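Participant: Residues per chain, in single letters:
2 protein chains.
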Amino acid sequence: MSPTDLDRLSSAIRDVQDFPKEGIVFKDITPVLGDPALFRLAIDGLVEFIDGQRVDKIVGIDARGFIFGAAVADRIGCGLVPVRKKGKLPWKTHEISYALEYGEATVEIHEDALIEGETVLLVDDLLATGGTSAAALELVKRQGGDIIGAAFFIELGFLDGRKVLEAEAAGEFPVKALLTY
Amino acid sequence: MSPTDLDRLSSAIRDVQDFPKEGIVFKDITPVLGDPALFRLAIDGLVEFIDGQRVDKIVGIDARGFIFGAAVADRIGCGLVPVRKKGKLPWKTHEISYALEYGEATVEIHEDALIEGETVLLVDDLLATGGTSAAALELVKRQGGDIIGAAFFIELGFLDGRKVLEAEAAGEFPVKALLTY
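Protein chains in written order, with my numbering: chain F, 88 to 268; chain P, 88 to 268.
Hints listed in this document are in silico derivations from the structure and should not be mistaken for laboratory results.
Misleading hints may appear alongside valid ones.
Same chains, same label: a pair holds when it works inside one copy or across any pair of copies.
Taking lysine-lysine pairs in the DSSO-like style, the calculated list, with each CA pair at most 30 Å apart, reads [to be verified]:
# : residue 1 : residue 2
1 : K114      : K179
2 : K173      : K228
3 : K179      : K108
Source: prediction; values computed, not measured.
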């Protein structure tokens with residue numbers, strides 16, 4: 088993806104002050120989603136990360152990860168596996184809890200989501216602290232998925248989520264983001 | 088879409104008893120999402136509904152509607168507008184509340200989501216009672232969107248949501264579902 092294309096994407100992202108709570112500047116990606124050329128460009132960029140590797144399943148994280156994950160899965164012709172907050176998936180699940188700033192959160196994946204050895208790309212809109220993504224990767228590993236990468240539209244570099252995911256990856260797969268702030 | 092293709096999709100859907108609460112039989116679509124051929128077929132079916140009409144924006148409903156909406160938007164090269172439960176969208180919103188069996192729910196759309204006269208296709212995974220979809224259509228109308236249809240992967244016919252949406256449509260656009268139970 089060219090620097091010009093990345094600039095086009097970056098220019099469309101809207102900073103929203105104090106969302107979801109005071110002191111946070113939220114990166115609003117809806118102007119990218121709503122623009123046909125920019126939405127396509129964002130999906131192009133995520134597909135480029137795959138670089139021709141075989142991907143059996145995209146694991147997409149609830150809810151904005153579904154947007155990017157589904158479009159990438161349809162483009163490359165693979166399946167989509169949702170990882171959701173506890174209580175949202177209807178069938179038997181594996182779950183994992185992880186620490187938040189205050190308290191903890193739990194995410195789930197269906198027990199039959201992956202077959203051992205299937206190649207998996209994790210897709211989400213945002214790499215922030217990395218907590219949810221690391222939990223999702225751990226769920227994939229427990230089902231024997233062969234993770235080939237974690238791909239994000241945006242990375243908030245100052246939150247150091249990359250370190251968390253690279254520890255999870257242990258050099259076995261790359262962590263990539265189209266735009267880093 | 089051929090009857091054989093529809094049978095393939097329907098056969099993959101899993102009935103889950105008592106989800107999300109006792110007495111409800113939930114249609115679990117994750118086996119469709121996870122199968123590359125079936126996921127592609129489902130998106131093919133939704134794209135067929137458009138039948139070559141111009142669509143400027145897909146309006147997708149949080150969260151499974153994002154999956155189908157994003158893939159359809161990427162296929163046909165249009166923008167995606169998320170409609171979400173109150174408090175999830177970061178910027179200025181229009182909102183609408185609607186009655187549930189007990190209490191009410193509120194959904195939102197960004198104020199700048201649509202330009203007057205843009206053509207819109209509503210996409211969601213499930214047409215149940217039609218409450219959320221009717222609210223989303225109302226939000227689109229208030230922004231001057233020109234609705235060309237409402238497209239669902241599954242319709243639960245016995246819940247009569249179609250009547251609610253057809254009242255909202257007043258003959259001006261079709262309500263379509265790939266699979267009806």
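Participant: All the hints need checking, so say for each whether the structure fits it.
Facilitator: Status of the hints after comparison with the structure:
In this homomeric assembly, K114 and K179 come within 30 Å of each other (Cα to Cα) only across copies, at 14 Å, whereas the closest approach inside a single copy is 34 Å. In this homomeric assembly, K173 and K228 come within 30 Å of each other (Cα to Cα) only inside a single copy, at 18 Å, whereas the closest approach across copies is 34 Å. In this homomeric assembly, K179 and K108 come within 30 Å of each other (Cα to Cα) only across copies, at 15 Å, whereas the closest approach inside a single copy is 34 Å.
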